[in-house]
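Asks: In order, the protein sequences belong to chains A and B.
With the working numbering, letter number 72 in the first sequence gets 72, and the count goes up by one each step, no holes.
Plus 195 on top of the position in the second sequence (first one is 1) and you've got the working numbering.
FYI, nobody ran anything at the bench for these hints, they're computed from the structure.
Please note that the accuracy of each hint is not assured.
Derived CB-CB ranges, DEER-like [unchecked claim]:
#1 E136/A / S239/B: 21 to 29 Å
#2 E242/B / V33/A: 27 to 35 Å
#3 D11/A / G257/B: 16 to 24 Å
#4 Y95/A / P201/B: 54 to 62 Å
#5 D249/B / M177/A: 26 to 34 Å
#6 S234/B / A65/A: 18 to 26 Å
#7 C16/A / R261/B: 13 to 21 Å
#8 D129/A / A208/B: 32 to 40 Å
#9 D249/B / A65/A: 29 to 37 Å
#10 E133/A / P201/B: 52 to 60 Å
#11 P220/B / F99/A: 43 to 51 Å
All residues carry an ideal CB built from backbone N, CA and C; glycine is no exception.
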Amino acid sequence: MARMKFLCDADRCIECNGCVTACKNANEVPWGVNRRRVVTLNDGQPGEKSISVACMHCSDAPCAAVCPVDCFYTTDDGIVLHDKDLCIGCGYCFYACPFGAPQFPKTEAFGARGKMDKCTFCAGGPSSDGSSEEFEKYGANRIAEGKLPACAEMCATKALLAGDGDMVADIYRERVMRRGGRPQTWGWSKAYGEG
Amino acid sequence: MKRNSPWIALIAAGALLLAACYESPGVTRHEPGVYKGESDPLVSKLESDQGLRDSLNRRFDGQRDR
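Given the sequences, and given the hints that come with them, work out the whole structure.
Replies: This is the structure we're talking about:
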C-alpha cells in the first residue's frame, strides 16, 4: 500500500508558479483560494530558495484532530480528504494546520467563510468518482484516472514530486547522492545557528 | 355556556398544538474522531483495481531523472 506524499526539491524549484497555475486550472479553484502556493525564502538575496507548499497530507493530521464535525477522513493511501456537506466553515482546521493549507472562499459579514477548501492530492472527495458534483465541490479526481496530481506532473524542473513516499524518498536520495549534499534551506543550522 | 364554547375550543386546540412539541428522549451520541460523512468510492477502487495501481506506479516512476 502506497503512502502518498509531496516533496519539493528546493534546489530545483525556480519559482515559476507553474504548479499553482496547474492546480487552479485543473481544479477550477475560485478566486481568493490557493490550494498551492510558492514560498520564497530570502527573496531577492543571493542563495534564495523557493518551495511549493500545499496540504502535506499529514499522517496524524491536526486539521482532522480539531474538526468539531469530523468531516475529515484519510484514505488507505494516506490522502487526507474532507466532506464539504459536513463542513460548517468554523476555521479551526485553518488555525491547526502548520502549512496554511485550509482555505475559505468567502469573507463576509459576521465571519461567514463558506466551506473549507484544500488540496485533495487531485483525488476529489466522497461524491461518486468523476461526477460533475464531485468536480464542482472538490475539483478533479486524477487519482481515479490513474494520474498523479496536476501540480507535480506539470512541474518543468521536476522539483515537485508526488506519489508513494518510498518512491519519492528514493528519487530525492538519488539526487542528493549525485549532488553530494542536501540543501541547507532548513535543518539544524537554520533553526539553531552554527555550532 | 354558549359564550364559553369558543374558549374551550381554543384551549383544546392549544393543548393539541403543545402535544405536537414532544421531544424524543433518545440522544444521538457523538463519537469524537470518527468520520461522519458518506464513504468515498475511490477508497475501494484503489484497493481492488490493480490496473489503476499499475498506472499510478508508472507515473510515480516517470518522475525519475532521465
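Asks: Now tell me, hint by hint, if it's right for this structure.
Replies: Consistency of the hints with the structure:
1. At about 23 Å, the beta-carbon gap between E136/A and S239/B stays in the expected band of 21 to 29 Å.
2. At about 31 Å, the CB distance of E242/B to V33/A agrees with the hint of 27 to 35 Å.
3. For the pair D11/A and G257/B, the supplied restraint of 16 to 24 Å holds, since their beta-carbon distance comes to about 20 Å.
4. A C-beta distance of roughly 59 Å is found between Y95/A and P201/B, which places it inside the suggested range of 54 to 62 Å.
5. Checked against the hint of 26 to 34 Å, the pair D249/B and M177/A passes, with Cβ atoms roughly 28 Å apart.
6. For S234/B and A65/A, the Cβ-Cβ distance of about 21 Å falls inside the hinted range of 18 to 26 Å, so the restraint holds.
7. Checking the proposed 13 to 21 Å range against C16/A and R261/B shows it holds: the Cβ atoms sit about 20 Å from each other.
8. Between D129/A and A208/B, the C-beta spacing of about 53 Å breaks the proposed range 32 to 40 Å.
9. For the hinted restraint 29 to 37 Å between D249/B and A65/A, the CB-CB distance of approximately 34 Å keeps it satisfied.
10. For E133/A and P201/B, the hinted distance range of 52 to 60 Å is satisfied, since their beta carbons lie about 54 Å from each other.
11. A hinted range of 43 to 51 Å for the beta carbons of P220/B and F99/A is consistent with their spacing of about 45 Å.
The structure does not agree with numbered hint 8 stated previously, though it agrees with all others.
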